[in-house]
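Q: Throw the hints in and build the complete structure from the sequences for me.
Here the protein sequences line up with chains A and B, keeping their order.
Everything in the first sequence is counted per my numbering, starting at 1 for the first residue and increasing by one.
Everything in the second sequence is counted per my numbering, starting at 1 for the first residue and increasing by one.
Please keep in mind that the hints were generated in silico from the structure rather than gathered at the bench.
From the three backbone atoms N, C-alpha and C, an ideal C-beta is built for every residue, glycine too.
Among these hints, one or two may not hold up.
To be verified - Just some of the chain A residues that point at chain B, by a computed CB distance under 7 Å: (1) Asp306; (2) Asn308; (3) Asp334.
To be verified - Simulated pairs of lysine-lysine, DSS-like, Cα-Cα distance not exceeding 25 Å: (4) A:Lys435 - A:Lys410; (5) B:Lys272 - A:Lys338; (6) A:Lys338 - B:Lys338; (7) B:Lys338 - A:Lys272; (8) B:Lys338 - A:Lys274; (9) B:Lys520 - B:Lys497; (10) A:Lys338 - B:Lys520.
Number of protein chains: 2
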Amino acid sequence: MNRLHRACLLFCVLLIAAPLSAGDCERWGVYEVELDGPTEGNPFVGVTFAATFSQGDESIRVPGFYDGDGVYRVRFSPPTTGEWSYETHSNAEGLGGKKGDFSVDEPGRGNHGPVEVAHTYHFAYADGAPYKPIGTTCYAWTSQPEELEEQTLDTLADAPFNKVRMCVFPKWYSWNEVDPPRYAFEGTPPDEWDFSRYNPGFFRHLEKRIQQLGELGIQADLILLHPYDNGRWGFDNMPPEACDAYLRYVVARLSAYRNVWWSLANEWDFDKNKTRDDWVRMIGVVTDADPYGRLTGIHNGYELYDHNDPRLTHASIQNGSAAEDAGRAALYRDVYPKPIVLDEVKYEGDIPLRWGNLSAEEMVHRFWEGTIAGCYVTHGECYLADDDVLWWAKGGVLKGDSPARIAFLKEVLDASPREGLNLIDKWQHTNVCGKPAEYYLVYLGAGEPTEWEFSLPRHELEDGMRFKVEVLDTWNMTTTPVDGEFVAKQDSQYVFKDESGRVVDLPGKPWVALRITRVKE
Amino acid sequence: MNRLHRACLLFCVLLIAAPLSAGDCERWGVYEVELDGPTEGNPFVGVTFAATFSQGDESIRVPGFYDGDGVYRVRFSPPTTGEWSYETHSNAEGLGGKKGDFSVDEPGRGNHGPVEVAHTYHFAYADGAPYKPIGTTCYAWTSQPEELEEQTLDTLADAPFNKVRMCVFPKWYSWNEVDPPRYAFEGTPPDEWDFSRYNPGFFRHLEKRIQQLGELGIQADLILLHPYDNGRWGFDNMPPEACDAYLRYVVARLSAYRNVWWSLANEWDFDKNKTRDDWVRMIGVVTDADPYGRLTGIHNGYELYDHNDPRLTHASIQNGSAAEDAGRAALYRDVYPKPIVLDEVKYEGDIPLRWGNLSAEEMVHRFWEGTIAGCYVTHGECYLADDDVLWWAKGGVLKGDSPARIAFLKEVLDASPREGLNLIDKWQHTNVCGKPAEYYLVYLGAGEPTEWEFSLPRHELEDGMRFKVEVLDTWNMTTTPVDGEFVAKQDSQYVFKDESGRVVDLPGKPWVALRITRVKE
Chain A
1 MNRLHRACLL
11 FCVLLIAAPL
21 SAGDCERWGV
31 YEVELDGPTE
41 GNPFVGVTFA
51 ATFSQGDESI
61 RVPGFYDGDG
71 VYRVRFSPPT
81 TGEWSYETHS
91 NAEGLGGKKG
101 DFSVDEPGRG
111 NHGPVEVAHT
121 YHFAYADGAP
131 YKPIGTTCYA
141 WTSQPEELEE
151 QTLDTLADAP
161 FNKVRMCVFP
171 KWYSWNEVDP
181 PRYAFEGTPP
191 DEWDFSRYNP
201 GFFRHLEKRI
211 QQLGELGIQA
221 DLILLHPYDN
231 GRWGFDNMPP
241 EACDAYLRYV
251 VARLSAYRNV
261 WWSLANEWDF
271 DKNKTRDDWV
281 RMIGVVTDAD
291 PYGRLTGIHN
301 GYELYDHNDP
311 RLTHASIQNG
321 SAAEDAGRAA
331 LYRDVYPKPI
341 VLDEVKYEGD
351 IPLRWGNLSA
361 EEMVHRFWEG
371 TIAGCYVTHG
381 ECYLADDDVL
391 WWAKGGVLKG
401 DSPARIAFLK
411 EVLDASPREG
421 LNLIDKWQHT
431 NVCGKPAEYY
441 LVYLGAGEPT
451 EWEFSLPRHE
461 LEDGMRFKVE
471 VLDTWNMTTT
481 PVDGEFVAKQ
491 DSQYVFKDES
501 GRVVDLPGKP
511 WVALRITRVK
521 E
Chain B
1 MNRLHRACLL
11 FCVLLIAAPL
21 SAGDCERWGV
31 YEVELDGPTE
41 GNPFVGVTFA
51 ATFSQGDESI
61 RVPGFYDGDG
71 VYRVRFSPPT
81 TGEWSYETHS
91 NAEGLGGKKG
101 DFSVDEPGRG
111 NHGPVEVAHT
121 YHFAYADGAP
131 YKPIGTTCYA
141 WTSQPEELEE
151 QTLDTLADAP
161 FNKVRMCVFP
171 KWYSWNEVDP
181 PRYAFEGTPP
191 DEWDFSRYNP
201 GFFRHLEKRI
211 QQLGELGIQA
221 DLILLHPYDN
231 GRWGFDNMPP
241 EACDAYLRYV
251 VARLSAYRNV
261 WWSLANEWDF
271 DKNKTRDDWV
281 RMIGVVTDAD
291 PYGRLTGIHN
301 GYELYDHNDP
311 RLTHASIQNG
321 SAAEDAGRAA
331 LYRDVYPKPI
341 VLDEVKYEGD
351 IPLRWGNLSA
361 EEMVHRFWEG
371 TIAGCYVTHG
381 ECYLADDDVL
391 WWAKGGVLKG
401 DSPARIAFLK
411 EVLDASPREG
421 LNLIDKWQHT
431 NVCGKPAEYY
441 LVYLGAGEPT
451 EWEFSLPRHE
461 LEDGMRFKVE
471 VLDTWNMTTT
481 PVDGEFVAKQ
491 DSQYVFKDES
501 GRVVDLPGKP
511 WVALRITRVK
521 E
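A: See the structure below:
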């Protein structure tokens, strides 16, 4: 240890973030320990820093990180209320062995904790509140000019979306041939980088955006690596050790934010600089480093990753054709007993590429088909623009007609059984989901029927059970109650019908759904 | 060792099966070493017996088995021609250490070797000849009276099927409430068994039937365990050790037959006496015991097994809805990069249960949809009969209208590219399979179009390539060539069409397919 180093350590100061409430932090909030430490050499590489946070018999070791200018931080998101203590660990004298105590309050209003897997195929917040993802896609929205980013946040504040797929790195691609305002690494743009030195300013900006999403109730499905570099910066072609160190740095900085999900990659198989084994390794780097077990996925291009990897919490799938038909989407649930998130089903828009020119009707239809299958669908929008600001990559404003209809679907979902929707009779009635004998959604798609025979899969039904029916026009966003009630009567060993054979009259339009709810009083 | 034991060993005799040809055996045939050995105690349990077969640097250890009456056998299927030698191993004095040499000839006419996985999603015989499974289902055909079994063989001799799903154990189920002529174990029927003592006569009978299938060019997809016991015999409720020993005995007896496939179970998840871990273990028992790596699968009821288990060579799937639409079936190929065999897509028939009353048209349609998806479909037939002989379980005669149409499909497959069919543009054109720029099958399903626009996915196409088109009526089994040729011209970045915009005139009937073949001369 040189003299400068010693001198620095001599003056290091223990700083604690100001208390947020009566306690020092709220449950599932962020408690940060900040210490001054050495600056010489390359602290990103040379200095290890972590802390163990303890409450009673439980202790959680949390990685810290160097934030530049001699400042080291470790961020902890307490999973329980009450008194916690910590002790730091470091290979640098003076950084390790620091201890402290703090108290954790009940979560504040709107803080339901992180999202977790629930009921095998669904999600819930840690406090048990339902979370039903209605995602959108703004890959590079945090790599845009300030004004555009603020506009994106304003748009999201009024949009139905509660999850955003977004990249750490910028994107060099059609309609995306602009250098970003800042980079994750030190170096000389566009392509001379020191992958061993991070740019704290870049990450502070990213953190701010993630926190702002959190304030809007939006999950940040953070894409850690992607192939859309096209030789511009080389972030898709870092050596394995640099990839791993980068992943550990990101996890150390961000994992305490309760609205963060890890998406190892977008279109992992389109990154020709990495092998499947690289992805296997990197998933481990992330999940080993993350003390909280945040939701973790990996998204494909043409070739699916094996989502049965137990480290993956959900299947993040690109396949437009799967969302054309609930009977297709539902097959994924059979092979991956996890939440199925159809994170790319093509986008609403008008670009010449076939993945970006769905009609709004087709986009909404795919949301409904995926939903009926008991899966979750993600939106995207690619309308050509003079300024090359396409929502799909840069954010800005939404121009399409699907978001309003997706908001209508979200209302339906919010009023549906909290444990999530499942096909009732999965390989037989692929357009009927819900909760047996309680709640059903029947989706009739592009057909234009003028009536629907009241007929439900037998599961848990009994003769005499009474149901009310509402006709949902998913495009025109209307809900029309049907007069009277329908009374279940077993018709065969497989289905119940109305006891008087009553049918539901329909408007002869496409995109109609039926909501059927048990009447119990 | 007692005196009786010693006396017995003293007289043990080395017997070799009579030579089959100029050599002692043909490649991929069965070479059997027969030895006399101890009879006291329970030789099935107490005596180990195996042999190592060697040629040059290669050696293969093959399990042997006790065949009753003091006879021990080990059966070897040589993978190569030329000189081989063997040495036996046993814990019984006189059974081990026996050596011999034999020569292996070229395979005889019709012997293409065992079927193996080829080109990821397909199969081929070991000699490279294509094998495209067109299976049927006769679960308990080898547990029937002699006359009925012979009738089944006669039927199969004239049927298009080259694979039969068949159980080792009998079946107690609707239309199957008869005790079989013989049992796999010693004991007192119906339900008092010594699971540690096998009935060699039962297995000799089974082996004979498997060999007879082999002579007909039919693979025996042998279902080792199944849940259709319903308390009658208890073969679905053996202790784990008995299951494992039974599996090892079956593998030792049968693995040398080149037309054997292992199907660990039918509807594994319907067997409530076993856990998923039991199946994980038992797959290992079979694959560890099998010196040849015969094709191995496990077939589901309602819950899929994880076919990404590397010990499983193919995915054997029950899901009727998957075969209703090539776009569904094809999804399995994305998640299991192996051959996908849709081994239960419901059956043609007229029983009241919905899994057994497909129309012949629907059965054939499902064959076509599965084929277009690049998967393989298995037939079954359940027509009610006064004698309760339904083909699906007991065999007998085929009564349905689908087999003739399946034979027509088989002819089409036999004339298609040997490496197998794949969707050309998997998530975009789910009704177009083939080999890019060489061969296409387009299936139009239940629609009744009067024309088809000549339009093919771009892959490997070039302007000016010429194609002939045939209209296949898959139900009426006609092949109608279309006059003249179609000439490819790029129409968009995604498809080529005919340069003059020519369409194919169609008869306005359902179940039509198009065969499009490149003209090269």
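Q: Has the given pair, B:Lys520 with B:Lys497, been kept, meaning a C-alpha gap of at most 25 Å?
A: holds (18 Å)
Q: Does A:Lys338 lie within 25 Å of B:Lys272 when you go C-alpha to C-alpha?
A: Given that 25 Å is the threshold and the Cα spacing comes to 23 Å, the pair holds.
Q: Taking only the CA atoms, is the gap from B:Lys338 to A:Lys274 under or equal to 25 Å?
A: Holds: B:Lys338 and A:Lys274 sit about 23 Å apart, inside 25 Å.
Q: Hint A:Asp334 vs chain B: min CB-CB distance below 7 Å?
A: This interface hint holds because 5 Å falls under the 7 Å limit.
Q: Do the alpha carbons of A:Lys435 and A:Lys410 lie within 25 Å of each other, as the hint requires?
A: holds (17 Å)
Q: Run the distance test for A:Lys338 versus B:Lys520: straight-line Cα separation, threshold 25 Å.
A: violated (49 Å)
Q: Take the shortest C-beta to C-beta distance between A:Asp306 and chain B; is it under 7 Å?
A: Where the cut-off is 7 Å and the nearest Cβ of chain B is about 6 Å from A:Asp306, the hint holds.
Q: Given the hinted pair B:Lys338 and A:Lys272, is their Cα-Cα distance within 25 Å?
A: Roughly 23 Å separates the two Cα atoms, so the pair holds.
Q: Given A:Asn308 was flagged as interface, is its beta-carbon under 7 Å from a beta-carbon of chain B?
A: holds (6 Å)
Q: For the pair we were handed, A:Lys338 and B:Lys338, check the Cα-Cα distance against 25 Å.
A: With Cα atoms ~22 Å apart, A:Lys338 and B:Lys338 stay inside 25 Å; holds.
Of the numbered hints listed earlier, the single one contradicted by the structure is hint 10.
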